[in-house]
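What follows is each chain in one-letter form.
2 protein chains.
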Amino acid sequence: MTPDSAALGHVRDRVDRALQAFVSEQRGVLLAAGDDLRPGAESIAGLLAGGKRLRPAFCYWGWRGAGGPDCPEIIKAAAALELLHAGALVHDDLMDASDTRRGQPSVHRQFEARHAGRGWHGSAAAFGMGAAILLGDLLICWTDEMFHASGLPPGALRRGRPVLDRMRTEVFAGQYLDLLGQAIGDETVAGALRVVEFKTAKYTIERPLHLGAALAGAGLAGTDDAPYAGGGALTGDGGAAGRDGGTAGRDGSLTAAYTAYGLPLGIAFQLRDDILGVFGDPAQTGKPAGDDVREGKRTVLLAIARSRATAGQAQVIDRYLGDPLLDGAGTAEVRAAIAGTGAVAECERMIGRHVSEAIAALEGAPMTGEAREALAELAVAATARVG
Amino acid sequence: MTPDSAALGHVRDRVDRALQAFVSEQRGVLLAAGDDLRPGAESIAGLLAGGKRLRPAFCYWGWRGAGGPDCPEIIKAAAALELLHAGALVHDDLMDASDTRRGQPSVHRQFEARHAGRGWHGSAAAFGMGAAILLGDLLICWTDEMFHASGLPPGALRRGRPVLDRMRTEVFAGQYLDLLGQAIGDETVAGALRVVEFKTAKYTIERPLHLGAALAGAGLAGTDDAPYAGGGALTGDGGAAGRDGGTAGRDGSLTAAYTAYGLPLGIAFQLRDDILGVFGDPAQTGKPAGDDVREGKRTVLLAIARSRATAGQAQVIDRYLGDPLLDGAGTAEVRAAIAGTGAVAECERMIGRHVSEAIAALEGAPMTGEAREALAELAVAATARVG
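For the protein sequence lines, the chains are A and B, in the order given.
Numbering that gives the first Met the number 0 applies: residue 0 is where the first sequence begins, and numbers increase by one.
Numbering that gives the first Met the number 0 applies: residue 0 is where the second sequence begins, and numbers increase by one.
One chain only, chain A, in its complex shape (with noise of 0.2 Å):
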């Protein structure tokens, strides 16, 4: 993420500390069931001090664009997005095979080694799996815990509760359509297209904002359990709110607003990922360099670059998918037969393309001004970052 980025290092650091004291609540109760829960404790804090905090910053800022006030009850609501997706993580990196995570070994591998290095009974890889299926189980139920405790009205979180139910289906759906079509080979750019849309735009940018304008009162305009709707909170925006007229239109174009922006940014985001994911530089991303090809996985970026191979590149890019030998010799051919296809630079150009059709969407959009303008450096910081 570049450091530059108010909007975000606004909500990052209050974040990282709504974070810090939920977990060490939860290290205490795990530590109740005895002693032998501490490397767990550890694992998911170490694993909790990383991050961008993407998902509670486009939350606080749904919030905030619907009018909610700054007060420290949406940082945890919004800081609640970050267990889950942690928790999802420890599972994604556990069916990948990463070694690596926020430049750590990945909960599966920490517990593998842990087994190892004891000589314990039976499999270190199955000790290893057992320990991040049950780490990441905890992380995503403690997602409800966070956002019910975190001293939003009852009223709110009852409005935001189907939108976090929503998202959490979603991006497990999205992991199974990843899973399914790399099992069935589908190496089109519509079907890598489709897996992103569930398993990144909408997960990483349009629910958490939705969540945020949900939690707010938007879109539900009318319901007498709103309490910050077209209400005093949008007092002193200088106008920016309310545009369209009435409340119900205000709310219901702000959520077509969010999604007109999030869909949009969310594919820019995963394309500067995959990017990142074959060129980027170890010491930013936390990953070994291309790490995706090392993996396999289906991204748009390599399901372009095979659209427009010539026989050569293709064979290139064939020989060093998905092997897990891949040495720094290896990634710098693929590096270049896949840059040599014009992929890289067709994903470029569509970042751009995404990222001003995002901030268009804001334009006239009924949020106040400040959140508009916090959206538009987010939508700029999540696409034009290093690491």
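Derived by calculation from the structure, the hints in this document are not laboratory data.
Given the structure is predicted, the values throughout are model-derived calculations rather than measurements.
No residue lacks a Cβ here, since even glycine has one placed at the ideal position from N, Cα and C.
Heads up, some of the hints might be wrong.
[Said to hold, decoys possible] Chain A regions said to be covered by chain B (calculated; three or more residues, Cβ under 8 Å):
hint : region
1    : 25 to 32
2    : 84 to 98
3    : 111 to 121
4    : 132 to 141
5    : 171 to 184
6    : 299 to 307
[Said to hold, decoys possible] The calculated label-pair distances, taken between Cβ atoms and stated as ranges, are:
hint : chain 1 : residue 1 : chain 2 : residue 2 : range
7    : B       : L192      : A       : R318      : 38 to 44 Å
8    : A       : A48       : B       : P71       : 41 to 47 Å
9    : A       : L192      : B       : L30       : 16 to 22 Å
Chain A is fixed; fit chain B onto it per the hints.
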């Protein structure tokens, strides 16, 4: 489960219908992401068609015992526990490499077979693992969705939420302790009992009862959002409730009574499971004969058998424990060795003692007479079962 368990049957049919309705709705959400999600939706529906619905039954009677009225909302909230349990089972079967569940192939085996049968790319086992992780995650997330959409009053859900949270952290912590115990080769009876406390006694019985009580307002007297506590719902109960005077005292001692009933009953329940895991009839248990031996499970029964075994008996047990190829002849031999140690008789004595202790805890507890009878009946049903 014994067919004559009215206290369970009363709840089970309605829980079944609530789960069917919920899963059918979720199927629509999944298919909206793509028709490729159909096998996942079907696998989940198949898994949820089975099950004893013990946790929902304890939650329901925990609620009724605290004076909560019979209503569809508590059935839905209680049924949510079955989704958590199904998700945990999917993950548990994957960790244990179990082939079957409820008489069907386990979820990871279903998807492994799907991959192998179609000759898809990559490893069929990895595909099965990935699908099982994701479907388990979905089920675990749906717990919260069904719980919060149950229709119970917001105040009730707010009171129940921390109990549900604690219950989930405990069960995954207990599973980790189990995994760890197996790895470090802890063969003590005390070690096995500690796992049973968290993984079974609290999770299956104590916490579901506490959840029902918290939803009904027990233990939180004096707060302004306890609609069913100490109120008219207990009238007409024939004076069974409120025996020890003030509402706060009643609620406190109801929660304590549920613990005093739930923990010994949980141990008895698990001991029955341990016996069925070695001596059960596959037609009744839905699992192959001797499955716990084949999987090398570290049960209390096996810990007792080891602690009492002669050198010859220990040799037989060690020979077959964890042997994936254990056949009918081996099962018969290991059964004879275990029974010969007297461990089965000891477990039966422990079951009897713990069930008596559980039922005695109901005597004089401040709950409705109907609930007391139902819980006494459930104690027998949960421990006298053959499958």
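Status of the hints after comparison with the structure:
{"no.": "1", "hint": "25 to 32", "result": "holds (count 4)"}
{"no.": "2", "hint": "84 to 98", "result": "holds (count 6)"}
{"no.": "3", "hint": "111 to 121", "result": "holds (count 5)"}
{"no.": "4", "hint": "132 to 141", "result": "holds (count 9)"}
{"no.": "5", "hint": "171 to 184", "result": "holds (count 12)"}
{"no.": "6", "hint": "299 to 307", "result": "violated (count 0)"}
{"no.": "7", "hint": "B:L192 <-> A:R318: 38 to 44 Å", "result": "55 Å, violated"}
{"no.": "8", "hint": "A:A48 <-> B:P71: 41 to 47 Å", "result": "45 Å, holds"}
{"no.": "9", "hint": "A:L192 <-> B:L30: 16 to 22 Å", "result": "19 Å, holds"}
Hint check: violations occur at hints 6 and 7; the rest are consistent with the structure.
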